[in-house]
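Heads up: the protein sequence lines correspond to chains A and B, in order.
Those letters in the first sequence? Residues 1 to 165, by the numbering used here.
Those letters in the second sequence? Residues 166 to 669, by the numbering used here.
Errors might be hidden in some of the hints.
Unchecked claim - In the DMTMM-like style, the derived pairs of lysine to aspartate or glutamate whose C-alpha atoms are separated by at most 20 Å in a straight line are:
| hint | chain 1 | residue 1 | chain 2 | residue 2 |
| --- | --- | --- | --- | --- |
| 1 | A | K131 | B | E418 |
| 2 | A | K150 | B | E355 |
| 3 | A | K131 | A | D153 |
These are calculated hints, taken from the structure and not from any lab test.
What follows is the residue order along each chain.
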Amino acid sequence: MRYVTTIGEREYLIEILSDGQVAVDGVVYNVDFESLSGQPVHSLLVDNHSYEGSVYPVEEGWQVLLRGTLYMVQVEDEREKRLRASLGSGPADYGEYHLKAPMPGLIVAIPVNEGQEVAKGDVVVILESMKMQNELKSPRAGKIARLRIKPGDSVEQRATLLSVV
Amino acid sequence: MFNKVLIANRGEIAVRIIRACRELGMQTVAVYSEADRQALHVRLSDEAYYLGPAPARDSYLRGDKIIAIAMESGAGGIHPGYGFLAERADFAQACQDAGLVFIGPKPSSIAAMGDKAVARATVAASGVPVVPGTEGEGSLLDEELLSLAPKIGFPLLIKATAGGGGKGMREVQALDEMAGLLQAARREAEAAFGDGNVYLEKLVEGARHIEFQILADNHGNVVHLGERECSLQRRHQKLLEECPSPFVGDDDELRQLMGSVAVRAAQAVDYVNAGTIEFLVDKDKNFFFLEMNTRLQVEHPVTEIVTGFDIVKEQIRIARGRQMRHTQEDIQLSGWAIDCRINAEDPYNQFLPSTGIISHMILPTGPGVRVDTGVYPGFEISPYYDSLISKLIVSGETRGEAILRMRRALEEYKIIGVRTNIPFHQRLMDSHRFMGGQYDTRFVEERFSLEAAEEGKGSLEDIAAILATLVAHQQTQRAAHIIQRGERDTSNWKWVGRWERMHR
Numbered sequence: 001m002r003y004v005t006t007i008g009e010r011e012y013l014i015e016i017l018s019d020g021q022v023a024v025d026g027v028v029y030n031v032d033f034e035s036l037s038g039q040p041v042h043s044l045l046v047d048n049h050s051y052e053g054s055v056y057p058v059e060e061g062w063q064v065l066l067r068g069t070l071y072m073v074q075v076e077d078e079r080e081k082r083l084r085a086s087l088g089s090g091p092a093d094y095g096e097y098h099l100k101a102p103m104p105g106l107i108v109a110i111p112v113n114e115g116q117e118v119a120k121g122d123v124v125v126i127l128e129s130m131k132m133q134n135e136l137k138s139p140r141a142g143k144i145a146r147l148r149i150k151p152g153d154s155v156e157q158r159a160t161l162l163s164v165v
Numbered sequence: 166m167f168n169k170v171l172i173a174n175r176g177e178i179a180v181r182i183i184r185a186c187r188e189l190g191m192q193t194v195a196v197y198s199e200a201d202r203q204a205l206h207v208r209l210s211d212e213a214y215y216l217g218p219a220p221a222r223d224s225y226l227r228g229d230k231i232i233a234i235a236m237e238s239g240a241g242g243i244h245p246g247y248g249f250l251a252e253r254a255d256f257a258q259a260c261q262d263a264g265l266v267f268i269g270p271k272p273s274s275i276a277a278m279g280d281k282a283v284a285r286a287t288v289a290a291s292g293v294p295v296v297p298g299t300e301g302e303g304s305l306l307d308e309e310l311l312s313l314a315p316k317i318g319f320p321l322l323i324k325a326t327a328g329g330g331g332k333g334m335r336e337v338q339a340l341d342e343m344a345g346l347l348q349a350a351r352r353e354a355e356a357a358f359g360d361g362n363v364y365l366e367k368l369v370e371g372a373r374h375i376e377f378q379i380l381a382d383n384h385g386n387v388v389h390l391g392e393r394e395c396s397l398q399r400r401h402q403k404l405l406e407e408c409p410s411p412f413v414g415d416d417d418e419l420r421q422l423m424g425s426v427a428v429r430a431a432q433a434v435d436y437v438n439a440g441t442i443e444f445l446v447d448k449d450k451n452f453f454f455l456e457m458n459t460r461l462q463v464e465h466p467v468t469e470i471v472t473g474f475d476i477v478k479e480q481i482r483i484a485r486g487r488q489m490r491h492t493q494e495d496i497q498l499s500g501w502a503i504d505c506r507i508n509a510e511d512p513y514n515q516f517l518p519s520t521g522i523i524s525h526m527i528l529p530t531g532p533g534v535r536v537d538t539g540v541y542p543g544f545e546i547s548p549y550y551d552s553l554i555s556k557l558i559v560s561g562e563t564r565g566e567a568i569l570r571m572r573r574a575l576e577e578y579k580i581i582g583v584r585t586n587i588p589f590h591q592r593l594m595d596s597h598r599f600m601g602g603q604y605d606t607r608f609v610e611e612r613f614s615l616e617a618a619e620e621g622k623g624s625l626e627d628i629a630a631i632l633a634t635l636v637a638h639q640q641t642q643r644a645a646h647i648i649q650r651g652e653r654d655t656s657n658w659k660w661v662g663r664w665e666r667m668h669r
C-alpha cells in the first residue's frame with residue numbers, strides 16, 4: 001500500500017512493503033512495530049533505533065505524541081488524496097459544525113443566542129468541569145443554530161451543545 | 166491522645182496522609198464518595214466509610230457526616246488535607262466541639278487568615294509588608310471599587326475575598342474594562358465559594374511567587390523550613406514548584422529575613438501546626454505578604470526533600486501535643502527538589518480537563534524520583550474533583566541535576582486513557598529561560614509556547630509520519646477484514662447513516 005502522509009507543509013510518500021520494511025520517499029527502512037499491551041502506545045524500531053509514541057485518532061487525522069512533542073498527521077492513500085484535492089477545502093469550512101462537550105460538566109453560561117452571527121474564536125459556551133470554568137469557542141464563523149442546552153444543565157462528554165451553520 | 170486518624174479528603178493527598186499515619190503506627194479511616202469506591206485511599210486505609218453522592222457538596226464537604234463517622238469509628242483526630250474542609254474555621258470548631266483533634270491550626274487562626282482582607286490587615290499591623298490594595302475595607306460595592314481603582318493604580322487584580330486557586334480573579338489593565346471584569350469575577354466567586362465579594366490589589370509586575378513553609382507547635386515554638394519557588398503558574402494555578410528558589414539562591418540573608426517575617430506573620434494569628442506564608446517578590450527583592458494558607462500545601466514534598474522533614478508526620482506529632490525537636494538553627498537546606506503537577510488536561514487543547522479511565526500507566530522510578538498519586542490503571546478520572554492526578558518530584562545535588570533527572574522521569578512517565586500535561590512539562594524542562602531560573606508569574610502565559618522549540622532539538626517528524634502511517638494502515642486492514650465478513654445485518658451504507666446521525 002502507498003500512502004501520502006502529511007505533517008504541516010511536508011508530504012511524505014510512504015510505501016508499506018513486505019512485513020518489516022517501509023519506504024519513505026523511496027528510502028527503505030527496516031521497521032518493527034508493536035502495540036504495547038493492547039494500548040494506543042506503540043513501540044517502533046527503525047533500523048534498530050527505538051522510539052515509543054502514542055497515536056490517537058482525531059477528527060482531522062492522527063495525533064502522534066512522541067518524546068514530548070505532538071505531531072498532527074494526515075494519512076491518505078493516493079485515491080483519498082485525489083478526492084480531497086477535487087473538493088478543495090477542509091471539512092471545517094463547509095456544512096454544519098456540531099459543538100460537542102469535550103468533557104462532562106455543568107453549563108455555566110451561554111454568551112450567544114440562537115440565530116446570532118459569530119466569528120471564529122468567539123466564546124459560545126462556558127462549561128465548568130473539574131472546578132475550572134472552560135471557554136468553548138466557535139471553530140469558524142457562522143450562525144448559532146439548535147441551541148440544546150441552558151445554563152445550569154449538566155452535560156455528558158461528547159453531548160452536542162449547539163450547531164454553527 | 167488519638168491513635169486513629171480520619172482523613173477527610175481523597176486523591177493523592179489522602180494517600181500521602183495514610184502513608185504518614187502508617188509510618189507512625191496509627192490506624193487510618195478513609196471516607197469516600199460514590200465516585201471513589203475504588204479509589205486508592207479507600208484501598209490503602211484500615212477502615213473506609215461511605216459519605217454520599219459524587220458532587221463534593223454531598224460528600225467531601227459534608228462536615229457533619231465526617232464528624233459522625235469519626236465518632237462512630239473511634240478516630241480521635243481528623244486530617245483535612247488541602248481543599249474541601251481544610252480551611253473552614255466552622256469545621257475545625259465543630260471538630261473541637263465534638264472532642265476531636267483537628268490536625269491543623271486553631272479555628273480562630275483559620276478565620277483570621279481565611280478572609281484575605283482581615284488577614285492582610287492583621288499581618289500589616291504586626292509590621293509585615295503587604296501589597297497596596299483595598300485590604301481590610303470589608304465588602305465594597307462596584308462603584309466604590311471603581312473609584313478606588315485609580316488610587317491603587319493599573320494594572321491591578323480583582324480577587325475573591327473568599328478565594329483561592331485563581332478562581333474569581335481578574336486582571337484589569339484600564340478603568341474602562343473594569344466594570345465588565347468585576348461582573349465576571351463576582352460570578353465566578355459566587356459559583357466557587359458561595360460568596361461574590363471581591364477586593365482589589367496592585368499587580369506587582371515581574372513578580373515572583375515565593376512562599377515559606379512554617380511549623381508551629383503548642384509550646385510557642387515557630388520555625389520556617391525555607392522557601393518554595395511557585396512562580397510557574399497558568400491562570401494562577403501552580404504548575405511547577407522548586408525548593409530552594411533560584412531567585413533567592415545563595416542570598417541567605419534574604420532567605421532569613423523573609424523567613425523571620427513569615428514567622429512573625431504566623432505568630433500574629435497565634436498559629437499552630439503547618440502553614441504557608443505566600444509572598445510576592447519584585448525584581449529588586451522587595452517582598453510583600455500575599456496570603457497565608459492555613460493547611461498542608463500541595464507542593465509540600467519539595468520542602469520535605471530539601472530539609473529532610475516529613476511535614477505530614479510533624480503535623481500529626483504537633484497535633485498530639487508534642488514539642489518540636491528542631492530549632493531554627495537545626496534546619497538546613499541541602500540539594501535541590503522540583504515538583505511537576507501532572508494534571509488530567511490537554512496542553513494542546515487550551516488545557517481543557519480530560520476525563521476517562523486510565524487504561525495504562527508506567528510510573529517513573531529510579532534514583533531521586535518520588536511520585537505522589539492517588540490513581541492506578543483502571544481508575545476513572547471523573548469530572549467531579551480537580552484535575553491533579555499526581556505529583557512527580559525529583560531531587561538532585563544541584564538544580565542542574567534535578568532538571569536533567571526531571572527530564573528523564575517525564576520521558577519514562579506514561580499515562581494512557583486521559584490526556585495529561587506531561588508534554589507541557591517536558592517543553593518547560595527544555596526552555597532556556599527555565600534552565601536559567603529566569604521566570605516570573607507571567608512566564609507560562611506570555612513567553613512560553615508549546616509549539617516553539619527553543620532549542621534546535623532534532624525533530625522526529627519523519628518518525629511520527631511512519632508511526633501514524635503504520636497505525637492507519639493497520640486500521641484499514643482490520644476494517645476491510647470486518648466488512649468482508651458481512652457481520653452486520655444491514656447494509657454498511659445504512660449503518661454509516663445511523664452512526665452519523667447518532668453523533669450529531
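Hints, verified against the model:
Restraint check for A/K131 and B/E418: the C-alpha separation of about 40 Å exceeds 20 Å, so the hint is violated. The suggested pairing of A/K150 with B/E355 holds, with an alpha-carbon distance near 19 Å, which does not exceed 20 Å. About 16 Å separates the Cα atoms of A/K131 and A/D153, which keeps this hinted pair within 20 Å; it holds.
Hint 1 from the earlier list is the only one contradicted by this structure; the remaining hints agree with it.
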